[in-house]
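Here's the letter readout for the chains.
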Amino acid sequence: MSLLEVKNLRMCYQTSQGLIKAVDGVSFEVKKGEALGLVGESGCGKSTIALSIMRLLPPNGRLLGGEILFADEDLLTKDEEEMRKMRGRRISLIFQAALNALNPVHRVGDQIIEAIQAHERMGKEEALRRVEELYRLVGLDPGMMGSFPHQYSGGMKQRAIIALALSCNPELLIADEPTTALDVIIQDQIIKEILKLQKEFNLTLIYISHDISLIAETCSSIGIMYAGKLVEYAPTIALFQSPLHPYTQGLLSSYPSIKGPKRRISPIPGEVPNLLHPPSGCRFHPRCPRAKEICGKEEPKYRRIKEDHYIACHCVNNSAL
Amino acid sequence: MNLGRFILNRLGQIVITLFIITTFLFLLFRMMPGDPTSMILDPKMPPEAKELIRKEFGLDKPLMVQYLYYLKNTLTGNFGKSFYYPETVLEIVKRKLPPTILLFTTAVILSYLIGLPLGKTIAWRRGSRLEMGATVFGLFFYTVFIPWFGLIAIWVFSYRLGWFPIGGMLTPEVWAADVGLFPKIWDVLYHLILPLSVLTLLFFAGSMLLMRNSMLETLREDYILTARAKGLPERVIKNRHAARNAMLPVVTALTLSLAFSLNGGVLTETIFSWPGLGKALVEAVLNHDYPLAQAAFLLLAILVLFANLLADILYAYLDPRIKY
Chain R
1 MSLLEVKNLR
11 MCYQTSQGLI
21 KAVDGVSFEV
31 KKGEALGLVG
41 ESGCGKSTIA
51 LSIMRLLPPN
61 GRLLGGEILF
71 ADEDLLTKDE
81 EEMRKMRGRR
91 ISLIFQAALN
101 ALNPVHRVGD
111 QIIEAIQAHE
121 RMGKEEALRR
131 VEELYRLVGL
141 DPGMMGSFPH
151 QYSGGMKQRA
161 IIALALSCNP
171 ELLIADEPTT
181 ALDVIIQDQI
191 IKEILKLQKE
201 FNLTLIYISH
211 DISLIAETCS
221 SIGIMYAGKL
231 VEYAPTIALF
241 QSPLHPYTQG
251 LLSSYPSIKG
261 PKRRISPIPG
271 EVPNLLHPPS
281 GCRFHPRCPR
291 AKEICGKEEP
301 KYRRIKEDHY
311 IACHCVNNSA
321 L
Chain S
322 MNLGRFILNR
332 LGQIVITLFI
342 ITTFLFLLFR
352 MMPGDPTSMI
362 LDPKMPPEAK
372 ELIRKEFGLD
382 KPLMVQYLYY
392 LKNTLTGNFG
402 KSFYYPETVL
412 EIVKRKLPPT
422 ILLFTTAVIL
432 SYLIGLPLGK
442 TIAWRRGSRL
452 EMGATVFGLF
462 FYTVFIPWFG
472 LIAIWVFSYR
482 LGWFPIGGML
492 TPEVWAADVG
502 LFPKIWDVLY
512 HLILPLSVLT
522 LLFFAGSMLL
532 MRNSMLETLR
542 EDYILTARAK
552 GLPERVIKNR
562 HAARNAMLPV
572 VTALTLSLAF
582 SLNGGVLTET
592 IFSWPGLGKA
602 LVEAVLNHDY
612 PLAQAAFLLL
622 AILVLFANLL
632 ADILYAYLDP
642 RIKY
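Chains as they are written, first to last, in the numbering used here: chain R, 1 to 321; chain S, 322 to 645.
Chain R with its partners taken away, still in its complex shape (with noise of 0.2 Å):
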């Protein structure tokens, strides 16, 4: 059963210089317990599909259409105190710059407390043993509750927002490139963290990366989007043995490999197009090594190819496979 389904969403905002489509008609599912990966460059659209689903757009953001389902509920007919009752405490969401995600001036314990007393009647004795315990589930010692976040490092204060993020067992997890601010070694901890707390509590994640190679290591299936659409959904091992669109193709051909024979890294040409005015036809054949004629007239449709395998691409068709 799938927890989460995002049906044909379509997302802008509104600039000066017109409507930015950040997000232009992306479906996918999300099933209970698993975790799904979606990997883009930056602007492709994914941290909207993140505030889209917690309805935190910035005031220029315009839904266009679409559905969000959560347990079969349309989040976006949610009104505001509905909307508010379900951020923290059934979808949880880590996202980017984590630094300065937390409030300087109070200390880390009561924010956490904070987060939880919204949600649940829950006396400050009981909840501060509550925030022990996350404490201990991400590593961090109970003994920094009372202090500030600028007493934490950048790896402490990651934790410390995982654990404010599971203060109120939500369902769903949304993490959106929540390593980006932290150096390597960090980055490994807390991914293996996350991962470790998704298994133990069955949890349901979406992660967002710009990075293909964390993603393999943290999800079950990959979704890529290109400028602002999902070009290619699936299961990770069979994205990365046979990944059929020639963005994703690109894509992983333009990271090294350890293993494997050695080859040139081969970056992809060109740049992301301007949402303002993106390119007709499929958005990525300006770039594609693939382009046909039809590719910049019509655009794609998004159709499933093999079991749990789709794409958007005019240059796979069925026989070929």
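Every clue listed holds true.
Here are the simulated distance ranges between beta carbons:
#1 S/Thr338 with R/Gly154: 37 to 43 Å
#2 S/Pro570 with R/Leu276: 33 to 39 Å
#3 R/His277 with S/Pro570: 36 to 42 Å
#4 S/Asp543 with R/Pro289: 36 to 42 Å
#5 S/Pro554 with R/Pro261: 54 to 60 Å
Just so you know, the hints here were simulated from the structure itself, not pulled from any lab data. It should be emphasised that the depicted structure is a prediction, and the values quoted were computed from it without experimental measurement. Yeah, the Cβ is synthetic: ideal placement off N, Cα and C, and Gly gets one too.
Since the structure of chain R is already known, use the hints to place chain S on it.
Chain S alone, transformed into the frame defined by chain R:
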């Protein structure tokens, strides 16, 4: 604790700064063109009488000796005798300071009490009609010229409507009569309302706009998004997370405003015939009344220095990242 040492350190710095300022003030007034005696002396006076008066104020002594006298008077706290009034400087300040505090400091406190919540609210409701209205309203009073607005207020409310007195701080008859305390307080309040309202209107925009800007900045911070993602109620996000952090720069402005308020304002005092320190200060400079002018400026310097110290201490209390 370290805070104690920090304060002690700063007090030491304040003493040194004050010494430099006192010296500077002494020289500044003596470098001004003109002579104090020309203001109090009749030109037809015989030169011997002039000399006598110069002698009485110590103006015949060399500059260095005058300076030492001045330092002695400043350190003992009586600031010498006014050249112009038949009082010591201390007596003048004692007489003028309470009305100044009553009008100006109250106005500053009131304007912050109004400006801070209003600034917080309009930043939170950015783009609303309330924000537009309050900002335009605030900017109008922020830029309006005090004497003009004061005179209009007096003309409308005192002269045409007759609700308030034309000026002054009290009715001498009431204070001369044996009527008990309450009518006297009422009398002062009656005189206070108009100038206080005018000043508060003129002041509140500053604090409102400052709070608004500071609040808008904090609202862009990541921890506000965290607070929303936690599912906190709007009110808690606004007050505990946004406004609490936005207060920091406003605190500095508040302490400085309070310090400056104790010096009054010459234009306001003139328009409303308010017996404050501001007018006395300007007159002292014009009259070459060195002791009074020096004392008044020194008072301002002391207040600003201590207001800064107070702001620093408050900062340490408000922002845990700051440690001394």
